[in-house]
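Chemist: Here is how the chains run, residue by residue.
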Amino acid sequence: MKIRWVGRMAWRDSRRSRKQLFVFSLAIVLGVAALVGVRSFRENLEEEVENQARALLGADLVLTSRQAPGDEIEAFLDDIEGERASEVSFTSMALFPGPGQSRLVMVRALDGDFPWYGEIRAEPAGARQAWRRGEGVLVEKSLFDQLGLAPGDPVRVGGKELEVAGALRQVPGEAVGVGQLAPRIFVPHTAVADTGLLTAGSLARYRYYYRFPDETAPDDWVAENRDKLSGLRLRAQTVEDLKEDLGDALGNLARFLNLSGLVALLLGGVGVAAGVYGYVSRKRDTAAILRCLGAGHREIFGIYLLQGGALGATGAFSGALLGIGVQAILPRLFEGLLPVEATFSLSWKAIAEGLFVGFGLCLLFALWPMAALRRIPPLRALRASVSARGAGRDPLQWFIAGLLGAAVFGFCRAQSENLRTAGGIFLGLAAVFLLLAGTGWLMLRGLRWARPSRGPFAWRQGVANLYRPNNRTVLLIVSLGLGTFLIGILAFSRGMLTDYIRFSDTEETPNFAFFDIQDDQLEGVRELLGEFDLPVLGETPIVTMRIESIRGRPVSELLRENEVPGWTLRREYRSTYRRELTDTERLIEGQWTEEAAGDGEPVPISVESGLAGDLNLEVGDEIVWDVQGLPLRSEVASLREVEWRRISPNFFVVFPAGVLEPAPKFHVVVTRTSSPGETGRVQIEAANRFSNVSAVDLRMLLNTVEEVLGRIGFVVRFMAGFTVVTGLLVLAAVAATGRYQRRREWCLLRTLGASSGQISGIRTVEFLVLGTLAATAGLVLATAGGWALGRFVFDLPFAPSAGVMFGCWAAVAGATVLVGWLNDLGSGRRPPLEVLRESGDG
Amino acid sequence: MSQENSVLKICSLSKSYRTASRELTVLRGIDFELSAGGVCAVVGPSGSGKTTLLGLCAGLDRPSEGSVILCGQVLEKLDEDGRARLRNREVGFVFQNFQLVPSLTALENVTIPAEMQGRLHGVGEAGRGLLDRVGLGDRLDHYPVQLSGGEQQRVALARAFINRPKILFADEPTGNLDDETSECVIELMFSLNRETGAAVMIVTHDWELARRSGRVIRLKSGEVAEDRRFGEGERGDPGGSRAMGKGAEKSQQGVFRL
Ligand SMILES: Nc1ncnc2c1ncn2[C@@H]1O[C@H](COP(=O)(O)OP(=O)(O)OP(=O)(O)O)[C@@H](O)[C@H]1O
Ligand SMILES: [Mg+2]
Chain A
1 MKIRWVGRMA
11 WRDSRRSRKQ
21 LFVFSLAIVL
31 GVAALVGVRS
41 FRENLEEEVE
51 NQARALLGAD
61 LVLTSRQAPG
71 DEIEAFLDDI
81 EGERASEVSF
91 TSMALFPGPG
101 QSRLVMVRAL
111 DGDFPWYGEI
121 RAEPAGARQA
131 WRRGEGVLVE
141 KSLFDQLGLA
151 PGDPVRVGGK
161 ELEVAGALRQ
171 VPGEAVGVGQ
181 LAPRIFVPHT
191 AVADTGLLTA
201 GSLARYRYYY
211 RFPDETAPDD
221 WVAENRDKLS
231 GLRLRAQTVE
241 DLKEDLGDAL
251 GNLARFLNLS
261 GLVALLLGGV
271 GVAAGVYGYV
281 SRKRDTAAIL
291 RCLGAGHREI
301 FGIYLLQGGA
311 LGATGAFSGA
321 LLGIGVQAIL
331 PRLFEGLLPV
341 EATFSLSWKA
351 IAEGLFVGFG
361 LCLLFALWPM
371 AALRRIPPLR
381 ALRASVSARG
391 AGRDPLQWFI
401 AGLLGAAVFG
411 FCRAQSENLR
421 TAGGIFLGLA
431 AVFLLLAGTG
441 WLMLRGLRWA
451 RPSRGPFAWR
461 QGVANLYRPN
471 NRTVLLIVSL
481 GLGTFLIGIL
491 AFSRGMLTDY
501 IRFSDTEETP
511 NFAFFDIQDD
521 QLEGVRELLG
531 EFDLPVLGET
541 PIVTMRIESI
551 RGRPVSELLR
561 ENEVPGWTLR
571 REYRSTYRRE
581 LTDTERLIEG
591 QWTEEAAGDG
601 EPVPISVESG
611 LAGDLNLEVG
621 DEIVWDVQGL
631 PLRSEVASLR
641 EVEWRRISPN
651 FFVVFPAGVL
661 EPAPKFHVVV
671 TRTSSPGETG
681 RVQIEAANRF
691 SNVSAVDLRM
701 LLNTVEEVLG
711 RIGFVVRFMA
721 GFTVVTGLLV
731 LAAVAATGRY
741 QRRREWCLLR
751 TLGASSGQIS
761 GIRTVEFLVL
771 GTLAATAGLV
781 LATAGGWALG
791 RFVFDLPFAP
801 SAGVMFGCWA
811 AVAGATVLVG
821 WLNDLGSGRR
831 PPLEVLRESG
841 DG
Chain B
843 MSQENSVLKI
853 CSLSKSYRTA
863 SRELTVLRGI
873 DFELSAGGVC
883 AVVGPSGSGK
893 TTLLGLCAGL
903 DRPSEGSVIL
913 CGQVLEKLDE
923 DGRARLRNRE
933 VGFVFQNFQL
943 VPSLTALENV
953 TIPAEMQGRL
963 HGVGEAGRGL
973 LDRVGLGDRL
983 DHYPVQLSGG
993 EQQRVALARA
1003 FINRPKILFA
1013 DEPTGNLDDE
1023 TSECVIELMF
1033 SLNRETGAAV
1043 MIVTHDWELA
1053 RRSGRVIRLK
1063 SGEVAEDRRF
1073 GEGERGDPGG
1083 SRAMGKGAEK
1093 SQQGVFRL
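Residue numbers (the working numbering), protein chains in the order written: chain A, 1 to 842; chain B, 843 to 1100.
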């Protein structure tokens, strides 16, 4: 092969099409950018985690317990060599008399020098010192700002009046997002007793932080003491554990983001293939001439291989550059959702990987149509009708197609945990592409069939243009439809969830709840509601308990064997008792018992099906509970399915009436207020009368949920945006290949006397119909997807919103028309003669 | 005529195409020989197999039966690339629709075959010389779209001679040109034939051109109906008026093609 000649020919031959080839290469830019950006982002985070590892935990070891420390635990904790700090935390109401509001908060009291690595950050300067001295409270920054607090403002927690010292910005190892559902408040540990909130049966978390002497390795220590830890129901966490957890979380996030990158890249690749196909079909004559003049197969292939390579390199390189920009944006999208601050630094590995994947895929996609040139017979120069010899495709094309499939599968594999997920993703992608193509094809057929033979000239001509040979209409429908599908399904899911929340907010549903009401306070709460003229919409008793043994095996033994998730054994269960199922529950197995005899027989209980699955429980199994010190034997009599999303008190375990009534318990009372103002007044009054009762505005929780949903949705939309823009770039690429043909047609029409108004009418119709078909295909699929999500995931009724549909259609059709217009910009002004003289190539 | 002296020798050449329903024999038992520097015209009604014959002679296609010996090489024994190399070294082409590479300038089009051999030195010179020779010395950097049909055909002629071929194949080289331009192109072709000693096989409908070739092979339904040599001054004129009519029609087409 004459390499120099091939190189020179490749360069010269591309001369008049470089702009066009560049437009093709743009199609993969966003895909590569996403890959590079996501990968760099992930690497930076991992590096940050590695660098800040000890500061992330703030200590060498953290032990967490859900129960107040007894003698046994105290003895064990005292024996551990090293410095210790302890913390107790619980949720409660905090009343801010300044703004006159009260909020559910996470109260935390820290005793000791934690953190030893990293620091608790607070503002203004001096606030942290004031808190350390026991003179003030640090309030989560978001809440601090929201309520417009200032240092020195009063705050009441339980029965204790305290002073705000400042805003809490960061605690080692905790993402800000963690604090959002119940904002954190750090109170001086000496004040906890005075709040009167920490009584037997209240739900508190106890933490013990340790700094080890240098010679002790935390992980070894944990390994040595494993049995003891599980016996005492202490959960241990070391820096290594934290790193592992963070790594897993980051991995999942990155995999999801990468997948959207892959979708954009694949779509772009298909666009490249389509563009190159058009390009190549205009290069057939050139190839035939060169063959006539004596060029071999390999030289011809070499010329286009070089051009394809340049195309891939340009796309991959531009994508990598853009990816650096994406990396700069991603941390902002995830602000507050991450435990470490992401810094910005170039990851050469990410860039190299993006370049390699982008270049490789783009080249393969480009080579697939280019391979056809290899077999162009020289005879074509003599007789234009001669096409490729022999039936069927060049084996090289099959080979390239196989390679492409393998590459895509390989990528899916790299992005998923196991082969099955990889296969699922691969097939899912294929199914979406095929379904879109199928829908597009059917619609095109339908349109052709329904096309009116009469109608305005521009309409008939514009629609006819969609059937022009080599117009790649189905492909365009797929590429534009894919973006529409993603955006549509997002909008539908969001709509479903917000509709649901709105729907829940009706007359009968509670929006205000009182938690932690003691037996003797119940009457008082009822009275309070009466004074404000509020209805009691529900009263539920709650008894806290722990599992002591299952099927005769003690929890400590089960914990050691690690067969079931630890939290299911360690947690404190808040169970209730009642005669009937609520409307958020459904019995799926066994027998519901209304009332138990209480004659020493095991109590027949009902367990939530998900928990039963985690604990490997079956109907008939025996569970012994520790109800605040007293053992209680029970038998699983039924399994229930619980609709957790419904805002009403739901329970893992429900006892029949007649057993738990005498046990120490507290109550939840729910009601409904008509306005946030009323809620505020009731909250303050409740705080004055019952310091330990939490009066929670459920609407506020809904707002928080919506905010989190919105944040995640934004991330997803950002990535879906990549697909949409890639779809438009694919359109630009394909439109660019059809440009000359279209110009010739218009010139011919103009020569025949068509007005420029008619011509712009034709092109508007063409792109408008194309955009409409694509939007329809995408929305059909999104509707099906939305229905499936509603049916199988959210368990919600799905009614596609006409607004979303119209919005998607308008956006996609509008953008399509715009890209079409931009592409043909200037063609109208050129003299017809010049255009008609131009040969197809160029 | 000795073996040495012949650039093209064809023995009982047949070509048939298998169509969906039946086998279509386009050429049947063709024999002829063309000596070095000789000129021969192939004429015949449309569909008689002229282009097919030319393609077979140049090794652009494979015959169903018979053999082609081009410049001493048996074409059937060469593979695709071998035939391509042979074409590059020994063969020049001129087509009815010029077939210039649209993305290359006139000069670059002319130098392709030389550069394809790996020659780089003096190629530009040679190309410029040839373009000068065909009267386009001042259009070196023009692209095919910027040239008229006649000018494009002259670029194609220059390209055909850049590698000093032993034989030139021309398929209706004047089919898309008006009479005056045709005359100019033909004049050039014959003088290049005399200067370089390349043999010429030319397919044409133009009786005038055929007569000037000195030898005319008339095909009819895939067979050689007549192989006739003209002496000086001899003039035959069968179907001359028809040729005129055809020419007029072609030039009309040419106008449409622009
Ligand atoms: N690939 C093919 N398959 C079937 N038939 C073919 C094929 N190629 C050519 N033919 C037939 O072979 C016959 C001869 O074609 P050819 O092009 O050689 O004629 P021609 O003499 O060059 O005609 P014209 O003067 O119109 O150029 C025609 O009838 C044509 O239809
Ligand atoms: Mg012909």
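Rather than coming from a laboratory, the hints here were simulated on the basis of the structure. Computed from a prediction, not measured in an experiment: that's the story for all the values here. Don't take each hint at face value.
[What the hints assert, rightly or not] Restricting the straight-line Cα-Cα distance to at most 25 Å, the calculated cross-link-like pairs of lysine to any residue (SDA-like) are:
1) B:Lys1062 <-> A:Met700
2) A:Lys141 <-> A:Met700
3) B:Lys851 <-> A:Arg383
4) A:Lys2 <-> B:Leu920
[Stated by the list, open to error] If you want the footprint, here are the derived chain B segments under chain A, 3+ residues with CB under 8 Å:
5) 865–879
6) 897–903
7) 925–934
[To be verified] Far from chain B, by Cβ distances over 12 Å, these chain A residues were calculated:
8) Ser17
9) Thr286
10) Ala288
11) Cys292
12) Leu444
13) Ile542
14) Glu585
Backbone N, C-alpha and C fix where the C-beta goes; we use that ideal spot for every residue, glycine too.
Chemist: Return the numbers of the hints above that this structure violates; sort them in rising order.
Modeler: 1, 5, 8, 9, 10, 11
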